[in-house]
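S.K.: If you want the building blocks of each chain, they are given just below.
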Amino acid sequence: MTANPTEDDLRVIAEQVWSSYLDTDGASPLLPFPAQQRRDDVSASVSVTGAWRGHVVVSCSDTASRNAAAALLGIEHEDVTDDDVTDALGELANIIGGNVKSLLPEPCALSLPHVLMEKTAGRYPSVTEVCSLNGTWLDESVTVSVLESTADFAGVSAP
Amino acid sequence: MKILIADDSRVMRQIVTRTLRQAGFDGHDLVEAADGQEAFDKTVSEKPDLVLSDWNMPHMTGVEVLRQLRATACRCRSAS
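Residue numbers (this note's numbering), protein chains in the order written: chain H, 70 to 228; chain R, 190 to 269.
Don't read these hints as lab results, they were simulated from the structure.
If you're wondering where the values come from, they're calculated on a predicted model, not measured in any experiment.
Glycine included, C-beta positions come from ideal geometry on N, C-alpha and C.
Keep in mind that the hints are not guaranteed to be accurate.
Per label pair, the in silico range of CB-to-CB distance [to be verified]:
| id | chain 1 | residue 1 | chain 2 | residue 2 | range |
| --- | --- | --- | --- | --- | --- |
| 1 | R | 230 | H | 119 | 43 to 51 Å |
| 2 | R | 218 | H | 220 | 47 to 55 Å |
| 3 | R | 213 | H | 208 | 30 to 38 Å |
| 4 | R | 247 | H | 187 | 22 to 30 Å |
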């Protein structure tokens, strides 16, 4: 039985993702401590089904989401559109979710990403938080959470 | 070499482009397609040497693109 992912796992995954895509020159890493003010203006998630069921959620401030889109697309911050933010955060959740999935028992499948830009964190019924990483990127809040489903296949909470 | 990158995510096309450059493929001719239909059309018109395609795309999935190409007698080999 594979153990659940830990905050240390999320930190290693985040470091790899940031150094590969968001901080390629090493000047603006994701710092592994909470920002002064946590904000969940934008949240992107992928769901995992199979031997393990739950969600991997990336949420951040509006500014951080636009910084991510600008970095991933190689464009200026002021040129970022809402579609760019949706695309960028969805792919970020997809990449991080794929890395988390590699730590989970097999077989598991990853859903397509779902992005909410309504300045409210997504709501996930019948889950328990397995681990989370509250980070700071360019002074802005970025959080990665792994939520395990506590409901069985009929949608009834497991004992 | 001409390489076609097919993905409905502009961000992912950019990531693939950047990864190819970092892997030493920066001297090659890169062409992009934003959905399955465009991937099929550009594979026929541009005749790339290599297609890197997403699976889930609007209009046609990557697998459907491959089937269509084979149905039109396109000489192609696939790897997943």
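S.K.: Run through the hints listed earlier and report the numbers of any the structure violates, in increasing order.
M.R.: As far as the earlier hints go, only 1 is violated by this structure.
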